[in-house]
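Use these hints to put chain B onto chain A, whose structure you have.
Residues per chain are reported as follows:
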Amino acid sequence: MGYRVHLILASTQVNLARGQFATTTLYHFLFVPLTLGLGPIVAIFQTMWHRTRNETWLRLTRFFGTLFLINFAIGVATGLVQEFEFGMNWAVYSRFVGNVFGAPLAIEGLAAFFLESTFLGLWIFGWNRLSPRLHLATLWIAVAGTWLSAYFILVANSFMQDPVGYKIENGKAVLTSVWALLSSRWALYAFGHTILAGLTAGASVVLGVCCWQFARGRNVDVFRPAAKVALIVLVPVSCVNLWFGSHFGILVEELQPMKIAASEAQWSTCSHCSFSVFQIGGFTESDQTPSHSIEIPGLLSYLATGSFGGTVQGLNNLNQQYSRQYGRGNYKPPVRAIYWSMRVMAGVGTLIALIAIVGAYLLWRRKLERLRWFLWIAVANSFLPFVAMSAGWVLTEVGRQPWIVQGLLKTSEANSPNVTTTWLGISLGVFITLYAALLVVDIWLMRRYAGLDPQPPEQRPPAPQPVPSL
Amino acid sequence: MSLAELWFILIAVLWAGYFVLEGFDFGVGMLLPFLPKDEQERRTMFESIGPVWDGNEVWLVVAGGATFAAFPGWYASMFSGFYLALLLVLVFLIIRVLSFEWRDKSKTPGWRRFWLWCNAVGSFGAALIWGVGLSALLYGTPINSSGDFTGTFWDLFNAYTVFAGLAVVVFFVFHGATFLTLRTTGALGDRALKTARMLALPAAALTAAFMIWTVVVAVDRNDKSVFPPILPAILGIAAAVLAVAFVLQGRTGRAFVSTALGAVFLVATLFTSLYPRVMVSSTDFGNSLTVSNASSAHYTLAVMTVVALLVLPLVLLYQGWTYHVFRHRVTGDAAHY
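Chains A and B, in that order, give the protein sequences. All letters in the first sequence, in the order written, are residues 1 to 470 by our numbering. All letters in the second sequence, in the order written, are residues 471 to 807 by our numbering.
The reader is advised that the hints may include incorrect statements.
Only part of the chain B face toward chain A is listed, based on derived beta-carbon distances under 7 Å [what the hints assert, rightly or not]:
no. : residue
1   : G520
2   : T770
3   : Q789
Straight-line distance between alpha carbons at most 35 Å, and here's what the computed DSBU-like set of lysine-lysine pairs gives [claimed, not checked]:
no. : chain 1 : residue 1 : chain 2 : residue 2
4   : B       : K575      : A       : K228
5   : B       : K577      : A       : K228
6   : B       : K507      : B       : K577
7   : B       : K575      : B       : K507
8   : A       : K410      : A       : K172
9   : A       : K172      : A       : K332
The hints are simulated quantities; they were obtained by calculation from the structure and are not laboratory data. Note that CB positions come from ideal geometry on N, CA and C, so glycine has one too.
Bound conformation, chain B alone:
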């Protein structure tokens, strides 16, 4: 395995981490306008992700930085090509980030409602666009022979990518609901479980359909055989089925592990389908960016590998510790200011 291939895998891992972690943040965010019945419950929901959302978002920041360093060609073409979509992501993420620190800075109901909706809309919008954007890498967009995107904003959208966006949104809401069943108590916890039960089947069905469709697109448009992409897809479908079963049985811990695994396999299916390309060109298949033609030179990759091997285990350790520290169910009473 070359270092470029290793970094392709690491970037997939970073996106998987992002989908697992920010996935439930986004889910909780999208449920904010609907689930809680009073201010105490709204605070509880914010508190359930309060200590961790920022660390979760860094998975995206690192995925972006790692793409820049390891695959400058990919980073340049994707970010300049998906310009308006990424502008939207930025706006969604900005209003969402601010909602966490600013919402409780005034007691006015209108102010609190405004920031709550910022979080919900931001979570929904960002999840939707990441679904569309990542699947568009595989479906293919107009890319010329110098690697530049030549299309418009609308070239990102087609039946498959829009379906991907919706599947990701619904799956994140489901993932967020199972997360809340673990993190909350009382009436709110009951409602979270009810919501998770309601969403379980549709979310699992959408996600399964998305993964199958992804394998089909990989075969049709990216010159892949059914195997290996089918492997993570099957595992993903299995995780989704298990999630449904556990949620219906009320075994919330296992349900959450299953939705988390579902998020991992969803990303794995996409990236396995994509390999060895990183951005498929719909103009001419030969223009597609690949792991080898978009990557950095050996030395950069070697340096980055050493740093990642030293630092990433530490990150996992202290982020894991954070989840341990905040393992108790929240009630909206945290001594936070």
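Next comes chain A alone, as it looks inside the complex:
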């Protein structure tokens, strides 16, 4: 009896910790892609201003720079939570992987966070202090810092998906090759996929804001070049990311076949497997055959293996294989959630690419600013990348369950044993309340600033001679 109670409490603790980590991570990742994607676009605007001296570009730089900073702040603030949470909620995990996982995290701070924070500070306050050239350079360096930070954190995450460059010593993962870790195939794919997604998000938001201004008939001449830049970025990145993501899928099939099987609700091993576009039923152990489904023959084999005749392993076979390898148990992630998150990610990603192509066509035909139906679609499109990316992270992280580190450590055994359900209840409550409030404020600020008229550069009276501090 006592043991049962203990087990129930332990699983409540794990579930609360998971819920909290999922909430705070997904939330953090609403702002990260905007930093990754909006930063370079603002830098392009400023570069154009630097090259052409056309004032429109300066107005755009300042206008979208403000939107960038509103979100950057919340990205920074919520990023700190992520760093603390590994130790706070996952002490066993932290002790187990610290040797390996901690290194890219620390390097991220040293090599990336210092760079982005310092140079962004220089950019924000450096308009009159630095030469225009140097001032432009500070923004590009800050952008490089944000991309570098994405790389290092994805290297860390990759160790949870596909552990490489380590050995187990005294029950802990110990780093044996930092190069293997840094050049992990998973990390490189994840980095490419994430950067492309970030650019998709940044470009979609810029396009959405421009189209909103067009729809209200305001500042058309100022926002036309911005919409053009947004589409020039958006069309290739959204299309390439579809191709890139599907290639990533082949790597996942190789390294985490269970995730692919779950994302397709594929219970039995098959070859020439058809891809299920949509299905009803077929998501549980007791109900493995969907009652209704729309399928495309051969496509799943192609997506997962690169050949239409390829063999895709099923959930049942994989579970038997894992049971032999790691001991009897259930190694299947929640199939329904994974199946749908995969479809939301891929479906919404495709939709964004289509909208981008239509937008580019309309721009080419000089009709973009006038077709109201498309303008509102583009406004709605600025939210779509966030839906796709959240679904993508659910697929990646929930699809890895029951493992916290694939094949090495289970999530259910990795939490902090001393962190009680009361503490977890308090922290989850605090984060949900605080984050919800901040989201409301952020959206209000974004809407307000996205609707302003981009100001011409102020004509300030020459500042009085500044006094040096020392």
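Only chain B this time, still in chain A's reference frame:
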């Protein structure tokens, strides 16, 4: 010296950097509700730390990351053990970070007042908890034989750690005031100097008492001799005394250097007192986490050492350059948006 010892020192250096840099940010933050008389002065105060607060905060982020990588056992036990305290730190830091970018996004007085208070409260709360938390590492908390914290939130608090928290808060306000004497002009600058003069003696006394108390705790509870911890404590007290003297003479540049050194020696006293342990166990001294039993393996430490030696000098160089770029006194007129 082993690599683990080197990383113990590097983590102390990171905390010292954090206390020096974010210390004056926190100080300026805590003075926000009291020092400025109008919006222009409030803007001036925000502007005085505007370009640098984010870079300063990264010192904490790196200290955290370095602890994770170099001492996974320490990171895991401290962060899971000090759970609610760190949750509070996070809340304080979040509202503070947002205040910098969000405060000037609306002209409504209520909005601006709200974010100003967020910055002040956030700075106060974070400074207080870091004081309590770091000194609790030395004072000792309940830790079992597997290295897990077994206590409650209240186990972090006792006379020594609460005193430490208060000393750190008052010292940061003093440090922030001396910083403002360098960064501002006119009436605001005069008021900053007046405040620094008022705070000088109490801040120096509290800090000196805290450092002495730290050495006593180290001897009593951490099996240390008076030497070496007394050495940084004496240097810290000397820095505090100099700070008082310079502030009273109105030599603000030297005063700021002295308060900065005070922050360095304060952290040095704590870490020297702590060594070779990183977290003292009050349950059983033998359960304490040490530099050797909580550290990563040699290879990880070697990789991290190479990276730190390559990158940290660059960081110091460009952060130093930033301070050079923004060396002029601020007036609240920056072309910032």
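Hint check:
Checking G520/B against chain A by beta carbon gives a least distance of about 6 Å; that is within 7 Å, so the hint holds. A hinted interface residue such as T770/B counts as satisfied when its beta carbon comes closer than 7 Å to some beta carbon of chain A; here the least separation is about 5 Å, so the hint holds. With a least beta-carbon distance of about 6 Å to chain A, the hint placing Q789/B at the interface is held under the 7 Å criterion. Among the hinted pairs, K575/B with K228/A is consistent with the structure: their alpha-carbon atoms are about 28 Å apart, no more than 35 Å.
Simply put, K577/B and K228/A have alpha-carbon atoms about 33 Å apart, close enough for the 35 Å limit, and the pair holds. Only pairs whose Cα atoms come within 35 Å are accepted, and K507/B paired with K577/B is accepted, the gap being roughly 17 Å. Annotation: proposed proximity of K575/B to K507/B holds, straight-line Cα distance about 21 Å (limit 35 Å). Restraint check for K410/A and K172/A: the C-alpha separation of about 14 Å stays at or below 35 Å, so the hint holds.
Our distance criterion of 35 Å between C-alpha atoms is met by K172/A and K332/A, whose separation comes to about 25 Å.
In summary, this structure violates none of the numbered hints.
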